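Line by line, the protein sequences are chains A and B.
Numbering follows this note's numbering, with no gaps: position 1 of the first sequence is 1.
Every position in the second sequence, counted from 1, becomes a number in this note's numbering once 115 is added.
Keep in mind the hints are simulated off the structure, nothing from the lab.
Predicted model, so just to flag it, every value in this text is computed and none were measured.
Treat the hints with care, as some may be off.
In silico lysine to aspartate or glutamate, EDC-like type, Cα no more than 20 Å apart, as pairs [claimed, not checked]:
1. LYS293/B <-> GLU79/A
2. LYS269/B <-> ASP4/A
3. LYS74/A <-> GLU290/B
Per label pair, the in silico range of CB-to-CB distance [claimed, not checked]:
4. ILE371/B <-> LEU98/A: 16 to 26 Å
5. ILE371/B <-> GLU79/A: 50 to 60 Å
6. GLU521/B <-> GLY29/A: 36 to 46 Å
7. PRO71/A <-> LYS499/B: 38 to 48 Å
8. GLU79/A <-> GLN222/B: 50 to 60 Å
9. SER442/B <-> THR44/A: 31 to 41 Å
10. LEU98/A <-> GLN439/B: 50 to 60 Å
11. GLY20/A <-> GLU353/B: 46 to 56 Å
12. GLN222/B <-> SER28/A: 18 to 28 Å
13. SER28/A <-> PRO477/B: 50 to 60 Å
14. ARG482/B <-> ARG59/A: 50 to 60 Å
15. LEU98/A <-> SER442/B: 24 to 34 Å
16. GLY291/B <-> SER28/A: 49 to 59 Å
Some, not all, of what chain B presents toward chain A, calculated at C-beta under 7 Å [unchecked claim]:
17. PRO178
18. GLU179
19. ASN261
20. GLY264
21. GLY466
Heads up, the beta-carbon is just placed ideally off N, CA and C, and yes, glycines get one too.
Given next are the chains, with one letter for each unit.
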Amino acid sequence: MKRDLTCIICPRGCSLHVEGEGKALTVSGNACPRGIQYAVDECTDPRRTITSTVRVSNRENCMVSVKTADPIPKAAIFEVMACIRQLQVEAPLKIGDLILDDVYGTQIIATKAVE
Amino acid sequence: MLKHDIVIIGGGPAGMAAAVAAYDNGVHDVVILDREEELGGILRQCIHNGFGLHKLGQELTGPEYAAVYKERVLERGIKVYSETMVTAVTEDKIVSARNRDGILKIQAKAVILAMGCRERSRGALNTPGSRPAGVYSAGTAQKLINCEGYMVGKRVLILGSGDIGLIMARRLSLEGAKVEAVCEIMPYSGGLTRNIVQCLEDYNIPLYLNTTVVEIHGQKRVEAVTIAQVDEQRRVIEGSQRRIDCDTLLLSVGLIPENELTREAGIAIDPITNGAVVDENCQSSVEGIFACGNVLQVHDLVDYVSDEAERAGMGAAAYVKGEQQTSSLIKTKAGRGVRYVLPQRVHTDQGAVSLFLRVTEPFGKVRFSVTSGDEVLSTALRLKAAPGEMEKLIIPAEKLAAIRDEIIVSLEEC
Ligand code: SF4
């Protein structure tokens with residue numbers, strides 16, 4: 001397998017080149033070790049952190065921003081979004097408060113405080 | 116008239132970081148005037164992640180990054196006047212503002228301008244066609260969706276591939292809209308490469324370069340737009356027009372620093388950055404008035420906004436304490452391949468100085484060089500350089516101490 005990727009771990013955006021089979025991959029073009037990890041993950045188990053918003057039911061016109069505490073499989077993004085869209089929460093909320101547990105092994109948590 | 120040592124205008128990432136830095140450098144009478152109800156500025160609506168990698172060593176969302184700085188402001192007891200609109204700043208550092216309680220006049224020893232920027236609007240674009248509903252600036256759409264929970268449309272075309280346009284392409288896709296395409300009039304995107312990958316490629320959204328919107332169709336609501344390719348002079352290529360059905364057009368066509376107050380204060384403005392002309396401490400042409408963040412130059416990363424704001428905060432604190440630098444100022448200048456250099460002038464006796472710049476167009480491998488007369492002050496090699504990514508070059512203190520001629524930053528392809 002040969003693949004060209006852009007590392008999205010940091011804004012530098014290194015152009016990575018990946019060669020090899022299975023987990024035995026060689027990566028070049030990375031300016032730091034995190035690029036290797038990214039390239040291997042991207043070729044074997046691509047994941048993304050998802051951010052969205054959830055309506056706060058006991059406040060007028062109020063949304064709280066949320067994220068997945070860890071990256072979820074890329075293929076599950078729309079399924080997780082569908083889940084998030086059905087949620088409603090009640091204030092008060094702190095950053096890091098649990099909104100939904102056990103979503104592909106991680107949680108949906110609040111990224112904003114609501115008084 | 117109220118009196119404060121340092122008055123900061125704007126409570127976004129720049130204003131908050133400047134306030135904390137000023138406080139930590141020994142000036143405790145610092146106040147922030149903010150027109151919003153809550154500190155955080157634009158970060159409050161930037162719910163995506165990617166903030167803080169440089170500055171805080173972790174990847175945060177916008178609201179989380181803002182919360183870190185808000186906490187630092189509050190734990191120092193820095194006074195914040197919220198929902199307070201500054202109406203004027205004078206050369207003698209009198210700040211006038213208005214809020215619910217009436218009119219406020221503050222005599223400051225130093226002022227830090229941190230008002231941020233605003234989006235270029237449709238008017239600045241001259242797109243012909245009727246004026247149906249469904250045309251939004253990308254930032255307005257972001258606020259509606261992320262803060263108010265109002266979805267702007269179902270089929271969307273985005274004009275402009277700056278970072279906000281790219282981020283919104285992903286956000287709209289996640290919320291179930293179909294993003295037909297992102298059109299960019301330039302031959303390259305103005306956004307970060309990582310955003311092209313994770314916002315467009317991840318969602319199979321096409322990016323059409325050298326392409327613009329030539330007509331908006333629809334009476335009450337947008338029904339379609341006509342896009343067309345442009346040549347090197349950005350003239351429409353006849354026959355390339357194509358109609359794309361959509362109900363929403365988002366414009367992400369650039370940001371303009373909000374410098375009305377700056378101009379009225381008689382502060383010199385750089386015609387390229389549209390922000391104040393400053394020295395390495397972010398001090399403007401008016402002594403004691405500093406500028407930082409997007410009001411000074413439009414940044415692509417909030418981490419660098421915080422860095423810049425800390426320099427402004429430290430500079431303002433030093434000014435209030437009477438520790439001003441005395442050496443002469445040397446001008447900096449953009450040379451070949453460089454669009455602008457900031458700061459526009461530097462002191463030579465203040466230790467190493469960082470220069471920030473943007474290139475004129477995308478390049479492959481380049482070598483930047485910073486020169487003064489025949490002297491090479493520093494060089495830096497980069498595998499690629501793009502206008503969307505700000506570069507930072509450092510001039511070492513010992514090199515700086517000896518120079519007399521203006522400093523020129525240029526690049527060479529290699
Ligand atoms: S390889 Fe390292 S430096 Fe390059 S983009 Fe990835 S994280 Fe950033």
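Kindly confirm whether 50 to 60 Å is satisfied by the beta carbon distance between GLU79/A and GLN222/B. Holds: the Cβ-Cβ distance is about 59 Å, inside 50 to 60 Å.
GLN222/B versus SER28/A beta-carbon gap, inside 18 to 28 Å or not: 60 Å, violated
Hint validity - GLY466/B Cβ closer than 7 Å to any chain A Cβ: 26 Å, violated
Given the hint that LYS293/B pairs with GLU79/A, test it: the Cα-Cα distance must not exceed 20 Å. Holds - the C-alpha atoms of GLU79/A and LYS293/B are around 16 Å apart, at most 20 Å.
Pair hint outcome, LYS74/A versus GLU290/B [Cα-Cα no greater than 20 Å]: 16 Å, holds
Status of the GLY264/B interface restraint (C-beta, 7 Å, chain A): At about 4 Å, which falls below the 7 Å cut-off, the nearest Cβ of chain A leaves the hint on GLY264/B intact, so it holds.
20 Å Cα cutoff - pair LYS269/B, ASP4/A: Distance of about 33 Å is beyond 20 Å: violated.
Given a hinted range of 38 to 48 Å, is it respected by the beta-carbon distance of PRO71/A and LYS499/B? Between PRO71/A and LYS499/B, where Cβ atoms are some 26 Å apart, the hint is violated.
Verify the interface restraint on ASN261/B: the C-beta must sit less than 7 Å from at least one C-beta of chain A. Cβ of ASN261/B sits 6 Å from chain A, so the hint holds.
50 to 60 Å was suggested as the range; check whether the CB atoms of ARG482/B and ARG59/A agree with it. For ARG482/B and ARG59/A the Cβ distance comes to about 55 Å; the hint holds.
Given the range 49 to 59 Å, decide if the beta-carbon distance of GLY291/B to SER28/A lies inside it. Violated, since GLY291/B and SER28/A (Cβ atoms, about 38 Å apart) do not stay within the stated range.
Restraint: GLU179/B near chain A, CB-CB cut 7 Å. Satisfied or not? 5 Å, holds
In this structure, the hints that do not hold are numbers 2, 4, 5, 7, 9, 12, 13, 15, 16 and 21, in rising order.
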